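Chains as they are written, first to last, in my numbering: chain F, 16 to 234; chain X, 70 to 594; chain V, 273 to 650; chain L, 66 to 387.
It is possible that part of the hints are untrue.
Unchecked claim - Heads up, simulated BS3-like pairs for lysine-lysine below, C-alpha to C-alpha not over 30 Å straight-line:
hint: 1; chain 1: V; residue 1: Lys445; chain 2: F; residue 2: Lys131
hint: 2; chain 1: L; residue 1: Lys381; chain 2: L; residue 2: Lys369
hint: 3; chain 1: L; residue 1: Lys194; chain 2: F; residue 2: Lys204
hint: 4; chain 1: F; residue 1: Lys197; chain 2: V; residue 2: Lys569
hint: 5; chain 1: X; residue 1: Lys167; chain 2: L; residue 2: Lys94
hint: 6; chain 1: X; residue 1: Lys266; chain 2: X; residue 2: Lys167
hint: 7; chain 1: L; residue 1: Lys194; chain 2: V; residue 2: Lys318
hint: 8; chain 1: F; residue 1: Lys100; chain 2: V; residue 2: Lys475
hint: 9; chain 1: V; residue 1: Lys318; chain 2: V; residue 2: Lys569
hint: 10; chain 1: X; residue 1: Lys270; chain 2: X; residue 2: Lys167
hint: 11; chain 1: V; residue 1: Lys445; chain 2: F; residue 2: Lys197
hint: 12; chain 1: V; residue 1: Lys296; chain 2: X; residue 2: Lys270
hint: 13; chain 1: V; residue 1: Lys294; chain 2: X; residue 2: Lys266
hint: 14; chain 1: X; residue 1: Lys167; chain 2: L; residue 2: Lys242
hint: 15; chain 1: L; residue 1: Lys194; chain 2: V; residue 2: Lys604
hint: 16; chain 1: L; residue 1: Lys194; chain 2: L; residue 2: Lys376
hint: 17; chain 1: L; residue 1: Lys381; chain 2: V; residue 2: Lys569
hint: 18; chain 1: V; residue 1: Lys569; chain 2: L; residue 2: Lys110
hint: 19; chain 1: V; residue 1: Lys550; chain 2: F; residue 2: Lys131
hint: 20; chain 1: L; residue 1: Lys126; chain 2: V; residue 2: Lys445
hint: 21; chain 1: L; residue 1: Lys126; chain 2: V; residue 2: Lys550
hint: 22; chain 1: F; residue 1: Lys74; chain 2: V; residue 2: Lys475
hint: 23; chain 1: F; residue 1: Lys197; chain 2: V; residue 2: Lys296
hint: 24; chain 1: V; residue 1: Lys445; chain 2: L; residue 2: Lys110
hint: 25; chain 1: F; residue 1: Lys204; chain 2: V; residue 2: Lys445
Derived from the structure by calculation, the hints contain no laboratory data. The model shown is predicted, which means the values in this text are computed figures rather than measured ones.
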Amino acid sequence: MGMTVSPDSQKAAAEALVAAASGIDGVDAEVAERSSGTNPRYVVVANASPGSWRTLAEKLYSEHAVDHCSMVTGIHWPEGDAERKWEVVYHLMRTGVRDPPNENGIVRPVIVNPSKARGASMPLELEIHVHLPDSTTPSVDSVQDIWVGADWNEKETWDLVGIDFDGHQGMRRVLQPHETPKGYHPLQKQHHLRYHGFVEMYDDAQGFMRKPADVGKIK
Amino acid sequence: MTSSDWLDVAGWSESFSNWSMDNVHDVLPSGDIDMQVTIPSTWAWPEPITMGPIFNMQSGFASIQPALESFMHATIMCTVVFGMMMTTMLAIPYIERKFIGRLMDRLGATTTLRSLWVGESGVTAGEWWNQLPFGMGAPIGWVVNALNSTWGNSHELETVARVNNRSYHGYWFLLPGFFQAFADFMKFATKEHIVPKNADKVVFEVAPVIILATTIMVFAFVPFGPHIYAANPELSLLFMMAIFGIAPLGVFFAGWASNNKYTLIGGMRSAAQLTAYEIPLLITVLGVAVLSGSFNIIEIVDFQMGQDEGNVWNIFLMPLGALLFLVTMIAEVERIPFDMPEAEAELVEGWWTEYGGIRWGLMFAAEYMRSYAACILFALFFLGGWEAPFQHTLSNLPAVGGIFSTVFSVIPGLIWVLLKAWLLFAVFVWIRASLHRVRTDQILEFGWRYLLPLSMLNLVIATILRLQFWTGGPWDLWVPAAVTLVSGGLFVILAIDEDEEALEIQRRPYSTQAVVKASPGSHRK
Amino acid sequence: MAEMWISMGPQHPMTHGLWTLKVKVDGETVVDTEPDLGYIHRGVEKICESRDFTQITTYCDRLCYASANTWSHAYIYAAEDLLEVEVPERAEYIRLVAIELQRVASHLMWLGAYGPDIGNLSVMVWCLREREMMMDLLQELGGSRMHYNFPRIGGVKRDLPYGFAQRARAKLKLFLNRIQEYEALFDESTVFLVRSQGVGYAKPEEMVNHGVTGPNLRAGGVNYDIRWAHPYSVYSELDWAPPVERSSIKGADCYDRYRVRVEEMRVSASLVLQALDKMPGGADTYHEPEDPMILAKAPSRAPEGTTGAHHFEDSRGESMFYIAGGGEGRGKQPYRVSIRSPMFITIPYAAKCMIGYKVADIPAIMGSFDPCIGETDR
Amino acid sequence: MSYRANTGHPHATPNFRNLVIRPMWMTLKTALRTIPFVGRLTILKNDYHGKPATMVDAATKERVGSDHPSVGQSFAPDRETSQVMPFVERPVTVMYPYERLEDLEPWLFVPGNYNGRIGIIWETCTACKLCIHACPNDCLHMTTEVRVNVLELSEEGDEWHGYGSELEEGGYAAREKEEYDAIAAGFDLINAHADAPQQYDFAEVIEISGDKATVRWSDGSGIETVDSTSLKPAEQDIVSGQIDLGRCMFCGLCAEACPFESFFMTNEYDGMSGFSREELWMDASRTRVLPTVHQERVDMELAKRAEKEQKKRDRKAARAEA
């Protein structure tokens, strides 16, 4: 049968994680109950202060086997209150993936039955919000060395939203052309999509009317 | 007595050039022509000086007549062989396109079950024969339904083939698409010739010339029939193999000269692969020469035909040699699975990338010519050249033998050579449709580690057969039978049945090369 | 041979899309690689910030154009988490049918492309012939062949058409027979095995740390699957298990990734067959498009401060949407839509895996990771 | 072809044994199957071609009975050529503009739910602009105009009197201009350089109390309370509609958003091309769908409107008696 993760054991595992995480000052965590189709799922939602984020990350990775960084999101809240102008949301996961053991040269695949998982081995989802005060160069500690998967997500977040990550090696623009001007981060709210709601019927938006630059020059 | 048939092109051209030269000789003025000039002696020079020849046009011509005749004969034969090769080569792309279309099931998606909807709206494919005027098509309909019910699947809701008559492209015997290769070539000839900016200009131009020249020269020594050959030196096999081996040089030049990283890699791969496979090829061909006792290809075929006592084809005496020849020839002509120099996935077109227009067209034609030469050689070496299958046994049958022998005498040997060559090319295409591309180092490893020893073994078998078991005339019957049965049995044991205990362990070997484990940043260390 | 940088891309047969892989080559061996993405970055996240919730589905179809349904459903689950909508049972089953058919079509597209990557051209035509059948079925649901715009917040656009179940069963059974023909060309061909076994090793723990998930991870012998470990929709009601491949000791290589995807095609086909049998209300009944059996009422506004996030098992890995509500139009439009693309994180890892192998292995390794550049550049 | 699940394919060891032959045998079988009569040999059948396809579960089978078209189907063998003339090869390519796939192979028809070109029944469109708001790429553009319905102009004795609508709050109203008849009489439309004189002043009705109605004049002359007898009800009508097919992605959201059954996605896939982006702007004539194409749904819609009108009329009559 497809696996039904028992909700209460997931809730218990989440609460254990929340208790451990709230131990760090500057971090307050709680268990949020989310629905996904037919099964309830319990997600650990935490608010970490920029200072405490690095220690929380190391703690989660080392002690709570949170081994997978799913996504790093940067959000720009220009009208938010003073110390919540920028926000970085980390989605982490405890997958419980271990290298399969090797019995005399033949690998035995690891078949995990999530409905029997309990406590520390229960796969969990974490959502960690880090709010940053207003500044022209918001920055958060990088977790590139803990979860290498976050490497390109951090590059993309800096590239599109402009939140820098201290200690990130090889920060460069990944999604935008390399010659994009410094400081241009399109997902910041002051940049608006020109077209939507912009009643501009036809002033040659695609430039089909304009002549090519080298007209008249001898090729 | 060497084999011969009525299509004696060499003889006709010989006699024609003799006849024409004799006519020229007779037309010339027979008398002596005195062109002597004598200058009388004067004070400066005591005796009179006579200059200028007295010559006879006819005797002068007679002295050079044999050279002229052989030159004329050679030109006629070269043009005939080249023309025959080029026209019959049109069949090669045709076979490739039609056969691979069916192997890859590319001829339209009639396998999906969308045809499930047939019958729901009462629509069936039109019976084309009903379109014929005055109901003339009705009998065809009866035949169709009769045959269909015997051989075809059941009537109701038959899954439909696309039968509506739209064959204005011509019926199969009109060979629609046969001249497509010719049209393509004309298109290549009109395309623009672009030389990369800082390419090595001279080498860039020389490379296609080398490849094309050597490929066409190979056909000089390939006999299409007992009397159809451009040149028939004593060691024609040796000449032909030597020239066949020069093309890799041109390929490497092309790869280097195009000043493009991809072509450089392609050129190097091609050079490595062709040299690696040259040696097993030569040893296999040596095996054939040893078995048939001569280096002249026509004599090899005659040996297989057995001077009208009938003899066994080499394939039954040397099946291992035939298989080796096939594999090495595929590597020589760079077809899948030995396609690395021109691997689409990473090198796009390999060493051809920077060529365009007529040069690319010629090199593409050269590649097909080399495949065609490989197929003809296989037919000549192993499938008894221009001998019809079972020609001797069939024509000596008690009752029916007469008919067969007349039929065989009517069909020229050329037809059999072409049929066998085209069949061989179909096997090339079949291999192309089913196998993947082997990596370059694996090609080289396979060449040096497996093919070379096997070709040595094949040479040993050939010599033993020739020395011990050959009694001057045709092989006595049990020798080829024994060899074929043994190798057939070995093939089944080695290649067909399961190796149960190997499957049990399911232990998968690691790749042959030592690999530095990729870990993040490992290359930066 | 001096080491030289070759740039493979942006138009290159190996890249299955528009990106450049700069490779430093010493002779034939790859010494260093550097991927360069972003050629078709359309800024979907920025566009979504000024579109209503139903309009965003059409953009999510176009994220990964080879498996449009899985991406639009990933967004819909996150949007339903944001707007707290209860989806009727029959709609979940119909969604499962659409997602799994799309997964089969996506894997067939990958298998068809993987053949020519290693040299065999007939597999491409065979796989696309089967993909036609899957696309016929999806066209009956969504209305067009590639981008379906099929899910709605709270359910699906339309119910299964008449006779859909019959045609689906027939085509899937034929497809399950056809897989054996592909396996004859792949598994039983020494040339393919020699080219793919022992090439592009990757250990599961390292992969998870690098963010690689999905079939690429399961090839390492670990049965981690979002549908299995974090079950959503009705996957827990059906009888299936994620296919896991027994890799070699050094980790998962190209052959394992190929094996896992072929097994996954079989699992997805059986999932669709089971879902059609277990469909509440029967697969042969038909409900009008706005019927409460297939579409629940859903609010069109998300107030300030509400967020929605959902992990989803895409055919290439774990895709995820994070939506912060409360954008313009008094919440009718999201404030921020963040998209996790599995291939955006797997391609750099695959580029690292290539180091030490030959130039000819680059298409083999990169092809086995099944890159789809539409979702990578968003 | 038994294999142990999840442990790799039974023949997965890369040795010469039996592994080079199998793929070649499989492709050869695919090719041989396409030859007309040879293709029917059972060894080529891969144990499923031509076998009956069990497609329906038991319940549907007895419900459907044995004469349903899907019963006799069998898995289609690979490409099969014609019956009796074995090598009459019908060319596979369909010469598109001159031959159409759906004509040559009627079973490969373009399904009805295909999202092709949009089709609009302009007669039943009420210019509500819901489709414009529904479009993600803003492809739909519409110009509208406030007009007085011709039914309002009917006097007492006319045949069509009494069918006009009522003044509603939030709707539009129109008041006849006094000097209109004089100006209109002397106005020569063809040679005049000014545009035609307007017959009505239009206004939005803010609220109606008794026989007084406060309206805001749309020519900007402010809010005024006028007695409602002098006002005629007016409505917003469509003048022209265009769609920019250069931007349209055929998602179908507009067709779903239209509440009046006048917006459909036809299954036409051709005729939407042009040499410039201006040509891709399709106006009403190129997006028209005749009402007869969707006759039953148009009748349903008109019946709904008539019934709504009847209900309004009964309510007014009831209010009149009370």
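Can you list which hints this structure breaks, lowest number first?
-> Hints 1, 4, 6, 8, 10, 11, 14, 17, 18, 25 contradicted; others consistent.
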